[in-house]
Amino acid sequence: MSFPGFPGYLTALIAFSVAAATDWLDGYLARKLNLVTPLGKLLDPLADKILVCSAFVFMSKLGHAPVWVTAVIIGREFLVTGLRQIAVEAGQVLAADRLGKWKTTFQLTFVITALVWESFSQMEVRGMVAEGLWKLADPRGWLMPVALWISLALTVISGANYVWNARGLLKGKA
-4 MSFPGFPGYL TALIAFSVAA ATDWLDGYLA RKLNLVTPLG KLLDPLADKI LVCSAFVFMS
56 KLGHAPVWVT AVIIGREFLV TGLRQIAVEA GQVLAADRLG KWKTTFQLTF VITALVWESF
116 SQMEVRGMVA EGLWKLADPR GWLMPVALWI SLALTVISGA NYVWNARGLL KGKA
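Here the sequence shown stands for residues -4 to 169, where the numbers follow the numbering used here.
Worth flagging that the hints you see were computed from the coordinates, not collected in a lab. Among the hints, a few may not be true.
[Stated by the list, open to error] Cut-off 25 angstroms, straight-line C-alpha distance, at most; resulting in silico cross-link-like pairs (DSS-like, lysine-lysine):
(1) Lys96 x Lys27
(2) Lys44 x Lys96
(3) Lys56 x Lys36
(4) Lys96 x Lys36
(5) Lys44 x Lys56
(6) Lys36 x Lys166
[What the hints assert, rightly or not] DEER-style ranges, computed between Cβ atoms:
(7) Val13 x Lys166: 39 to 45 angstroms
(8) Phe1 x Ile81: 20 to 26 angstroms
(9) Gly70 x Leu30: 31 to 37 angstroms
(10) Pro140 x Asn160: 25 to 31 angstroms
(11) Ile81 x Ser116: 41 to 47 angstroms
(12) Gly70 x Leu164: 35 to 41 angstroms
(13) Leu28 x Phe1: 36 to 42 angstroms
Yeah, the Cβ is synthetic: ideal placement off N, Cα and C, and Gly gets one too.
Please work from the sequences and hints to get the whole structure.
The structure is reproduced here in structure tokens:
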């Protein structure tokens, strides 16, 4: 898949941002209007996984995320999905927790920052802005790496937390 130049990256940025915003809005409204359901608790995180995993594959292709980081993120998502399936079979729900929500927030921040950077770096803005100011504004200097490494840490920690919370279910499966 290729997104050549500014129009492609801007389209990806808008599509990803709209998907992330509507996902957040859906969860917010469900909680606010007391419309939270077991199915929603299962499907909402699944939508997050599809959105984030596909975005990280794209980020790896662009060189913004090492492939091994993307593999850890995708591996964690498969692990949590498996744990959720075990819980469903046992008549329980492993809902998203705060760590998972923070993980998703940092992952979305990373992806959106990278897409903003790609979009505007394609516009030849460098010619309009002094080189020093351009380097200062470059999110790859600190924002993207910080968001990426916090995302990775929260991915591992929240994955371990899900395993810990599912230990009773896992003992029953052994």
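We went through each hint and held it up to the structure:
{"no.": "1", "hint": "Lys96 x Lys27", "result": "holds (17 angstroms)"}
{"no.": "2", "hint": "Lys44 x Lys96", "result": "holds (12 angstroms)"}
{"no.": "3", "hint": "Lys56 x Lys36", "result": "violated (31 angstroms)"}
{"no.": "4", "hint": "Lys96 x Lys36", "result": "holds (13 angstroms)"}
{"no.": "5", "hint": "Lys44 x Lys56", "result": "holds (18 angstroms)"}
{"no.": "6", "hint": "Lys36 x Lys166", "result": "holds (23 angstroms)"}
{"no.": "7", "hint": "Val13 x Lys166: 39 to 45 angstroms", "result": "holds (42 angstroms)"}
{"no.": "8", "hint": "Phe1 x Ile81: 20 to 26 angstroms", "result": "violated (45 angstroms)"}
{"no.": "9", "hint": "Gly70 x Leu30: 31 to 37 angstroms", "result": "holds (32 angstroms)"}
{"no.": "10", "hint": "Pro140 x Asn160: 25 to 31 angstroms", "result": "holds (30 angstroms)"}
{"no.": "11", "hint": "Ile81 x Ser116: 41 to 47 angstroms", "result": "holds (44 angstroms)"}
{"no.": "12", "hint": "Gly70 x Leu164: 35 to 41 angstroms", "result": "violated (19 angstroms)"}
{"no.": "13", "hint": "Leu28 x Phe1: 36 to 42 angstroms", "result": "holds (39 angstroms)"}
The structure fails to meet hints 3, 8 and 12 from the earlier list, while all remaining hints are met.
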